[in-house]
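S.K.: Residue strings, one per chain:
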Amino acid sequence: MAERIELTVNGQRVSETVETHELLLDFLRRHLGLTGTKEACSIGVCGLCTVWMDGRTVSACLLPAVFADGAEIYTVEGLAARQNQASAAATAPDPRLWEIVQESFVECEGLQCGICTPGQVMSALSLLSENPQPTEAEIRHHMAGNLCRCTGYQSIVRAVQRAAERWRAEHATV
Amino acid sequence: MQPFKLIRPQSLHELLTLLAEEEDLLLWGGGTSSTILMKQNLLLPTTVAALKGVRELYGLERLPDGTVRIGAMTTLRELEHAAWLADLVPSVGATATLVGNVRVRNVATLGGHLVHADPAQDLPPLLLVLGAQVRLRSLRGERVLDLDEFFVDLMETAIQPDEVLVDVTLPAAASELRARYVKFRPQSQEDYGVVGVAASVAWEADGRTARTVKLAVGGAGPTARRFREAEERLQGREWTPALLAEVAEWVRSQVEPWDDARGSASYKREMAAVWARRVLASLQQQAETTRKETPA
Ligand SMILES: Cc1cc2nc3c(=O)[nH]c(=O)nc-3n(C[C@H](O)[C@H](O)[C@H](O)COP(=O)(O)OP(=O)(O)OC[C@H]3O[C@@H](n4cnc5c(N)ncnc54)[C@H](O)[C@@H]3O)c2cc1C
Ligand code: FES
Ligand code: FES
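Chains A and B supply the protein sequences, listed in that same order. For my numbering, count along the first sequence from 1 and bump the result up by 1. For my numbering, count along the second sequence from 1 and bump the result up by 3.
Bound conformation, chain A alone (with noise of 0.2 Å):
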C-alpha cells in the first residue's frame, strides 16, 4: 500500500511516495542514492544503516519510511550540505563537530575497511552531541551498538577521544 511521505533529508525536502513496507535504509539508498547507509545484519544490531534522525540515532534497518513521515534526517552524506545550510531545526547535527569526528577518524585511523564508518561516525556524533566530554566506559557504552570487524575498536575509541578534546578546545573559554 502506498502512502505519500514528506521529510527532510540531508537539509533537503523530500515529498515521495513509499510503499508501507519499505524500510528507510531501503528509501534512502533505492529512492535517494544514498548508498553512504550500508546494510549488514538487518535487525538493529551491527549499526552499519545508523542514521541521524530528530536529534537522534536509528538504525535506518528497523524504520519502516512511513514512520520518518515528517523527520529531519541526516545520513553520512550530509555533512556538505549542512554545512552549506542557511538554517535547521534545533535538533540538526552541528556542523563543525560533525567535520571534527570525521577529521578524527581519519588522523586515529579509526576505520580500515571503512564499511562500519558511516554507522561509527554518526553514532560518534551524536555521542559527542550529548556528552561532549565523555569517559572511555561512556564511549564504549555509547558505541558498543556499531560493531566492527577490522580496527579492533581501540582506534575508533581514541577517534572519538581526539574528537572530543578537539571540540572542547575550540569551545574552551579563555
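The set of hints was computed from the structure by calculation and includes no laboratory data. Since this is a predicted model, take the numbers as computed values, not measurements. You can take every hint at face value.
Restricting the straight-line Cα-Cα distance to at most 16 Å, the calculated cross-link-like pairs of lysine to aspartate or glutamate (EDC-like) are:
(1) B:Lys42 x A:Glu20
(2) B:Lys42 x A:Glu40
(3) B:Lys8 x A:Glu20
(4) B:Lys55 x A:Asp70
Chain B with the ligands: place on chain A using the hints.
M.R.: This is chain B with the ligands only, laid out in the frame that chain A set:
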C-alpha cells in the same frame, strides 16, 4: 515484509474505537520488535495503528501522591536520561541503559517492551520488584494489573485484543526501596542477557533486618517472574551467607529455563542461582556501608 494499511489515530478514543472495530490491528510503538517479526514473516498485520499521535500515552511524571507515571510511549532512552527519576528510583535508568544499543533505546517504548514479553528482556524483572502496575484501556473500560498478573506465558500477556497499555506506574513506596538489577551477559554488550536478576529490599530502622523483599528472575523460564517463597524466607530476618545460599538453591530448583544459543538449561539454572545470591549480597553490602557512614 508485506505491505500493510497504516492508520494514524489522533486520540485515545479514536484508537480505542479502532481497536474495538478492527480485527487484527497491530499497534506500533517504536516498532523495533514488530519490524523484526514482520521481516521474518512471523507477524503479518493487515492494518497498523501508529501510536505516535495519541497524546494520552505520553508523559513521564511524578504525581502529587508520589506515584511515578510512565506513559506507554516513553522511550527507554527517556527513562535513562530523566535526572529526577535517577534521584528518585535510580534502578530504572540504570536498567534501561542495559537494553540493546542506543538506537534501539532511542526508539523502543516501555509499552512495546512490556507487551512484547520476551522473557529475556531487562526491565520486567526490575519493574516486578518495584511493584509496578500497568493500566489497560479499551472501550469496555479500564483495568489496572500488577505486573505479576500481566505476564502470562512466553511472549504472551494478559492484554486483550481490544486493549491498549496506557501507562506504567510505580508506587510512591518504590523510592524507599533499595533495588538492583543485574544482567548476566558473557558475550558482547548489545546482547540479551543469559539471565537477569532483580531484587528490592526495604530495611528496618536497624539497617540489618529486611522488612520487605522482592526477587525476580528473567531469562530462565517462559516469563520474567517473582519468587515469592524466596522473598518470604528473606523477610523479617537478618541475612546470613547460609540464608542467601539457601535462597539461591531454592531459585535454582524453581526456574524453568531451556537450552538455546544463550546457554544450556543447566547453565542458566546455575547462573540464576549465582546471580540471585550476588544481587542480594550486594544489597546487603550497600546497607552495611550506609550503616557505617551514618552511625546511630
Ligand atoms: C537489536 C535489538 C537488541 C535488543 N536487545 C535487547 C536487550 O538487550 N534487552 C531487552 O530487554 N530488550 C532488547 N531488545 C528488545 C527491545 O527491548 C524491544 O524490541 C523494544 O522494547 C520493543 O519496544 P517497541 O516500542 O519498539 O515495540 P513495538 O515493536 O512497537 O511493539 C512490540 C509489541 O507491543 C505492542 N505494543 C506496543 N505498544 C503498545 C501499547 N501501548 N499497548 C499495547 N500494545 C502495544 C505491539 O503491538 C507489538 O505487539 C532488543 C531489540 C533489538 C531490535
Ligand atoms: S543493518 Fe541495521 S543495524 Fe545492522
Ligand atoms: S573498518 Fe572494517 S568493519 Fe570497521
